[in-house]
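Engineer: So the sequence lines, in the order shown, correspond to chains A and B. Per this note's numbering, the first sequence starts with residue 1, numbered consecutively. Per this note's numbering, the second sequence starts with residue 1, numbered consecutively.
Everything labelled a hint here was simulated from the structure, so no lab data went into it. Computed from a predicted structure; not experimentally measured. Worth double-checking, as some hints may not be accurate.
Said to hold, decoys possible - With a cut-off of at most 25 Å between alpha-carbon atoms, the simulated DSS-like pairs for lysine-lysine come out as follows: (1) B:K378 <-> B:K345; (2) A:K45 <-> A:K119; (3) B:K269 <-> B:K378; (4) A:K109 <-> A:K94; (5) B:K332 <-> B:K372; (6) A:K185 <-> B:K42; (7) B:K76 <-> B:K32; (8) A:K58 <-> A:K103; (9) B:K42 <-> A:K45; (10) B:K32 <-> B:K82; (11) A:K44 <-> A:K58; (12) A:K79 <-> A:K45; (13) B:K147 <-> B:K172; (14) B:K172 <-> B:K269; (15) A:K119 <-> A:K58; (16) A:K44 <-> A:K103; (17) B:K125 <-> B:K149; (18) B:K42 <-> B:K147; (19) B:K147 <-> A:K185; (20) A:K185 <-> B:K149; (21) B:K378 <-> B:K329; (22) B:K32 <-> A:K185; (23) A:K45 <-> B:K32; (24) B:K329 <-> B:K371; (25) B:K42 <-> A:K103; (26) B:K125 <-> B:K82; (27) A:K109 <-> A:K119; (28) A:K44 <-> A:K79; (29) A:K185 <-> B:K172; (30) B:K32 <-> A:K44; (31) B:K172 <-> B:K125; (32) B:K221 <-> A:K185; (33) B:K42 <-> A:K44.
To be verified - From chain A, some residues computed to sit far from chain B (all C-beta separations above 12 Å): (34) F73; (35) Q89; (36) N143; (37) T147; (38) F201; (39) E205; (40) H332.
Even for Gly, the Cβ is constructed at its ideal location relative to N, Cα and C.
Given next are the chains, with one letter for each unit.
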Amino acid sequence: MAHALVRAASTLVSTPVVPLVAIMLALAGCGKEVRSHLNEPYPKKLSVWKLFTGADLKPNRGVIPYELNTALFTDYATKRRFVWMPPGQPATYKSDDTFDFPKGTILSKTFSYPDSQGKERLIETRLLVSSSTGWVALPYVWNAAQTEATLDVNADPVEINWSSRNIHYVIPNSNQCKECHDQSKVTGPIGPKARHLNRDFDYPEGRFNQLAYWTRIGYLQGAPDHAPKQPVWDDPSTGSLDARARAYLEVNCAHCHSPNGSASNTGLYLTDLQTDPMRIGFCKTPVSAGNASAGMLFDAVRGHPELSILAHRMASDEPKIMMPEIGRTIVHHEGVELIREWLASLDGGCDLPRPTI
Amino acid sequence: MSKYLTLSLTLLLLSSCAKKEGIIAAGPNFEKDLQTALIQAKPGAVIELPEGTFNMTGTLSLTVANVAIRGQGIGKTVLSYKNQTSGAAGIQATGDHFTLEGLTIQDTKGDGVKINDADGVTIRKVRAEWTGGPNEKNGSYGIYPVKCKNVLIEDSASSGAADAGIYVGQSKNIIVRRNTAEYNVAGIEIENSEAADVYDNVATNNAGGLLVFSLPDLPVKGSRNTRVFNNQVYSNNTPNFAPKGNIVAKVPTGTGIIVMATHNAEFFKNAIHDNNTVNISIISYLSTGNPMNDPTYDPYVSAIYVHDNQIGAGGTNPAGLAADIIAPKFGKLPGIMWDGIVNAKDPDPHICIANNGDTQFLNYNAGGAFKKVSSDLKAHTCTLPSLTAIEIASLGTH
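Kindly produce the complete structure, drawing on both the sequences and the hints.
Structural biologist: Encoded structure:
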C-alpha cells in the first residue's frame with residue numbers, strides 16, 4: 001500500500017521519490033501537500049486546500065496551470081486556471097466532451113484585475129471539485145489584504161476600478177455556477193476539453209503542448225497524437241473567421257445554448273460542433289426573447305449583423321436584453337465586433353414572413 | 001419499550017413533516033438572506049416569506065428538489081423587481097417537486113417565475129404582474145414552466161405580460177385551473193405540450209384570450225391531447241402590444257381562443273363572447289406567414305372537437321386578416337373560423353363542431369386564395385372521443 005502511494009506520487013512530480021513521511025503527513029492533513037475534500041462541509045478558507053504556496057498564486061506541487069484557446073469573457077478580468085489530480089489517477093481523454101476526471105480532482109480559476117499601480121488584485125477563486133457526490137462549485141472571495149479567500153455561496157458584488165472604468169463585478173452565487181456548469185442538472189467542468197486545451201503553454205521546464213504535458217506527468221491518458229483544436233478567437237493566424245466566430249460562440253454561449261444546457265428550451269444551440277444552420281440561429285425565429293428581439297425577426301441573418309438578434313443581445317448590458325444573462329456586466333466590444341464581422345461575411349439572408357394573417 | 005416507541009414515533013413524525021426553514025426576516029438583508037436560504041435549502045424545506053413589499057435587485061434561483069417558497073398571500077407578500085439590475089427573471093427554479101405559493105411578483109425585467117426542466121411543479125395563489133399595464137417593454141411571461149412534467153397552476157393570476165400571462169411550454173401532464181389572466185398579449189397559452197387540462201379560468205382584456213399552439217424549431221415537438229373547458233374567455237380586445245418578431249405579435253387583437261397546429265384538442269362548455277375579431281379560430285401554422293425551416297414540424301391541425309360552448313357576440317370590430325380580407329368579402333364574421341388549410345396527405349383533419357348554439361361558422365379557405373369558402377357546418381357534424389382527464393401524481397409533499 002505504502003509502496004503504491006510512493007510510486008503514484010513520483011509520477012506526479014518530476015522530483016525523485018517523495019519521502020514516505022511527507023506522504024503520511026499529507027494524509028494526516030497537516031502537511032504541505034494539496035488535500036482534496038470530498039464531502040461537506042467544505043473548507044471555509046481557500047488556504048486549507050493548499051493549492052497555492054505563496055500570495056501570488058504560486059502553485060503547490062502537482063497544481064498545474066493551464067490555458068484555453070478561447071476563453072469566456074468575464075468583464076475583462078484576468079483569469080488564472082489550475083488543475084490538481086490525486087496521484088496516479090489520470091483523467092481519461094475524450095475527443096469532444098470534457099475529460100473524465102478522477103474523484104478528488106480540483107479545478108481552480110482565479111479572477112483578478114490590475115490595480116492603479118498595475119499590481120494584481122485577486123477578487124475570487126472558484127473551485128470545481130469532483131466530490132463524493134459529483135462535481136461541486138465553491139466560490140471563494142479574497143480579502144482586502146489578499147492573504148486569504150473565504151467560501152461565500154452568495155457573495156456581494158465588488159466595485160472595481162479598472163482601466164479608468166468602474167465595474168460592478170458580480171461574483172456568481174453557487175446556483176449561478178450551476179446555471180452554466182449544469183448539463184441536464186449534473187454539474188461539471190466546461191473548459192477542459194481537448195479542443196480547448198490543445199495549445200502550447202510556458203511551463204517552468206519549457207514550452208510544451210498542454211495535452212502532451214498532462215500525459216507526461218500522468219494527468220491524462222488516451223490522448224491521440226492529433227487531437228481537435230479550437231482557434232484563438234482574436235488571433236487570425238489560428239483559424240478562419242468562421243472558425244473563430246464559432247469558437248467564440250461555443251465558449252461564451254453553448255454552456256447554456258446546447259441540448260442539455262439551461263437554455264435548451266430555446267432550440268438555439270451554439271456549440272462549434274453544431275451543423276444545422278437553423279440551430280445556430282440562421283433564419284430561426286425567436287422563441288421567448290420578448291422585446292429583447294428589438295423588432296428583429298431572426299436570431300441570425302447571413303450578411304446582416306444589424307438584423308441579427310444574436311449580435312444585438314451580445315451588444316447590450318441591460319439585464320433583460322443582454323446575453324449571456326450572467327457572468328458579465330459590461331459589453332465585450334471586441335467579441336461583438338468578431339460576431340458582426342462574421343455575420344457580415346456570410347452570404348444568404350432569410351425569406352421574409354408574409355404579412356400577418 | 002414504551003420509551004423507544006415514543007422516540008421512534010417522534011422521529012417518524014418529524015421525518016414525515018416538511019421541514020420548515022423558518023421565516024425569512026424582513027429588512028435590508030431580505031434578498032440576500034432569501035437567496036442564501038434557497039442555496040442552502042435541503043429537500044423538503046419550506047421557505048416562508050413574511051408579509052410586506054420587498055425590493056429585489058436580481059433573479060432568485062433555486063436548484064434543490066422538493067422545496068416550497070411560501071408567502072403570506074397574493075398582495076400580502078410582494079416581491080417588487082422595479083429596480084432589478086441583474087438577471088432577467090424574478091424567480092428561476094430547476095428543482096423537481098417545486099412549490100411556489102402565496103405571493104405577488106411585480107415588474108420583473110424578464111419573466112415573472114420561470115421553471116425549467118422540473119418534474120412536479122405547483123404554482124398556487126401566485127400573481128405575476130406588470131403594474132404599468134400593457135407595454136412592449138414588460139417581461140415576456142408571467143408564470144412560465146418550460147420543459148416540465150406534472151405541472152399544476154391554480155388560483156393564480158397574471159397581467160401585463162408582453163407574451164403570455166400564464167404559459168406552459170414543451171411540457172407534459174398539465175393542469176391549469178381557476179386562474180385569471182388579463183391585459184397580457186396572450187392570456188393563457190399551452191405550447192408544444194402534451195396532455196393538458198385547462199379549466200375554470202378567466203381570460204379577459206388580453207389581445208388573445210387562450211392559445212393552444214405548436215411551433216417549429218423547438219426541441220420538444222407538437223401539441224396534443226389538450227382539453228379546454230368551463231373557461232370564461234371574453235372581451236379580449238386590448239391592442240396587441242407584443243414586440244415585432246415574436247409569434248404572439250401575430251395574434252389579431254380581439255381573439256378569444258386560437259388553436260394552431262395542434263392534434264387532439266377538445267374545447268367544451270366554455271363561455272366565449274365579445275372578442276372583437278373572432279371567438280374561436282382554428283388555424284395551421286401556414287396562416288402565420290412565417291417561413292418554415294424545420295422539416296420535422298407538422299404545421300396542420302387535426303382532431304379538433306369544439307362542442308357545447310356558449311358562444312356570444314363577437315367579430316364586430318376585427319383586426320388583421322379578418323378585417324382586411326374576410327370581413328370585406330363575407331360580411332358579418334362568425335363565432336368560429338377555420339383557415340381550411342389541410343395536409344394534402346390527410347385531407348380530412350376531423351374538425352368537429354357540435355352544439356354551440358346558433359353560432360355561425362366559416363371555413364375561409366386561406367390555402368385556396370379565399371375561394372370556395374364554406375359556412376356549412378354539416379361538413380363538420382361529427383364527434384370525437386372525449387379525451388381523458390389529467391391526473392397529476394407527482395407533486396411536492398408540502
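Engineer: For each hint, tell me whether it holds in the structure or not.
Structural biologist: Quick rundown of the hints versus the structure:
For the hint linking K378 (chain B) to K345 (chain B), the alpha-carbon distance of about 22 Å falls within 25 Å, and the restraint holds. With a CA separation close to 23 Å, the supplied pair K45 (chain A) and K119 (chain A) stays within the 25 Å bound. Simply put, K269 (chain B) and K378 (chain B) have alpha-carbon atoms about 21 Å apart, close enough for the 25 Å limit, and the pair holds. For a cut-off of 25 Å, the pair hint linking K109 (chain A) to K94 (chain A) stands: about 22 Å separates their Cα positions.
Taking the CA atoms of K332 (chain B) and K372 (chain B), the gap is about 17 Å. The hint holds against a cut of 25 Å. Of the pairs offered as hints, the one joining K185 (chain A) and K42 (chain B) holds, with about 16 Å between alpha carbons and a cut-off of 25 Å not exceeded. For the given pair, K76 (chain B) sits about 20 Å from K32 (chain B) by alpha-carbon distance, which is consistent with the 25 Å threshold. Restraint check for K58 (chain A) and K103 (chain A): the C-alpha separation of about 24 Å stays at or below 25 Å, so the hint holds.
Simply put, K42 (chain B) and K45 (chain A) have alpha-carbon atoms about 23 Å apart, close enough for the 25 Å limit, and the pair holds. With a CA separation close to 17 Å, the supplied pair K32 (chain B) and K82 (chain B) stays within the 25 Å bound. For the suggested pair K44 (chain A) and K58 (chain A), the alpha carbons sit about 20 Å apart, so the restraint of at most 25 Å is met. For the hint linking K79 (chain A) to K45 (chain A), the alpha-carbon distance of about 20 Å falls within 25 Å, and the restraint holds.
As the CA atoms of K147 (chain B) and K172 (chain B) are separated by approximately 8 Å, the hinted pair is consistent with the 25 Å bound. The suggested pairing of K172 (chain B) with K269 (chain B) holds, with an alpha-carbon distance near 23 Å, which does not exceed 25 Å. About 15 Å separates the Cα atoms of K119 (chain A) and K58 (chain A), which keeps this hinted pair within 25 Å; it holds. This hinted pair checks out: K44 (chain A) and K103 (chain A) have alpha carbons roughly 20 Å apart, not beyond 25 Å.
Between K125 (chain B) and K149 (chain B) the alpha-carbon distance is near 20 Å, which keeps this suggested pair within the 25 Å criterion. As the CA atoms of K42 (chain B) and K147 (chain B) are separated by approximately 23 Å, the hinted pair is consistent with the 25 Å bound. Annotation: proposed proximity of K147 (chain B) to K185 (chain A) holds, straight-line Cα distance about 13 Å (limit 25 Å). For the proposed pair K185 (chain A) and K149 (chain B), the alpha carbon gap of about 15 Å is at most 25 Å, so the pair holds.
Proximity of K378 (chain B) to K329 (chain B) is assessed by CA-CA distance (about 22 Å); at most 25 Å being required, the pair is judged to hold. Between K32 (chain B) and K185 (chain A), the direct Cα distance comes to roughly 24 Å. Compliance with the 25 Å bound is thereby established for this hinted pair. Restraint check: the Cα-Cα separation between K45 (chain A) and K32 (chain B) comes to about 21 Å, which is no more than 25 Å; the hinted pair holds. As the CA atoms of K329 (chain B) and K371 (chain B) are separated by approximately 10 Å, the hinted pair is consistent with the 25 Å bound.
Under the criterion of a C-alpha separation no larger than 25 Å, the hint pairing K42 (chain B) with K103 (chain A) is consistent with the structure, at around 24 Å. For the proposed pair K125 (chain B) and K82 (chain B), the alpha carbon gap of about 21 Å is at most 25 Å, so the pair holds. With a CA separation close to 18 Å, the supplied pair K109 (chain A) and K119 (chain A) stays within the 25 Å bound. Taken as a hint, the K44 (chain A) and K79 (chain A) pair is honoured in the structure, with Cα atoms around 22 Å apart against an allowance of 25 Å.
Annotation: proposed proximity of K185 (chain A) to K172 (chain B) holds, straight-line Cα distance about 19 Å (limit 25 Å). Straight-line distance between C-alpha atoms of K32 (chain B) and K44 (chain A) comes to about 19 Å, which keeps the hinted pair within the 25 Å bound. Restraint check for K172 (chain B) and K125 (chain B): satisfied, since their Cα atoms lie roughly 22 Å apart, inside the 25 Å limit. Restraint check: the Cα-Cα separation between K221 (chain B) and K185 (chain A) comes to about 22 Å, which is no more than 25 Å; the hinted pair holds.
With a CA separation close to 20 Å, the supplied pair K42 (chain B) and K44 (chain A) stays within the 25 Å bound. At roughly 16 Å from the closest C-beta of chain B, the C-beta of F73 (chain A) stays outside 12 Å, upholding its exclusion from the interface. Annotated as non-interface, Q89 (chain A) keeps its C-beta farther than 12 Å from every C-beta of chain B; the closest such distance is 29 Å. Distance to chain B confirms N143 (chain A) as a non-interface residue, since its nearest Cβ pair spans about 19 Å, more than 12 Å.
Taking the minimum C-beta to C-beta distance to chain B, about 25 Å, the non-interface status of T147 (chain A) holds against the 12 Å cut. Separation of F201 (chain A) from chain B is adequate, the least Cβ-Cβ distance of about 34 Å exceeding the 12 Å criterion. Listed as a non-interface residue, E205 (chain A) keeps its Cβ farther than 12 Å from every Cβ of chain B; the least gap is roughly 41 Å. Against chain B, the non-interface label of H332 (chain A) holds: every CB pair exceeds 12 Å, the least being about 17 Å.
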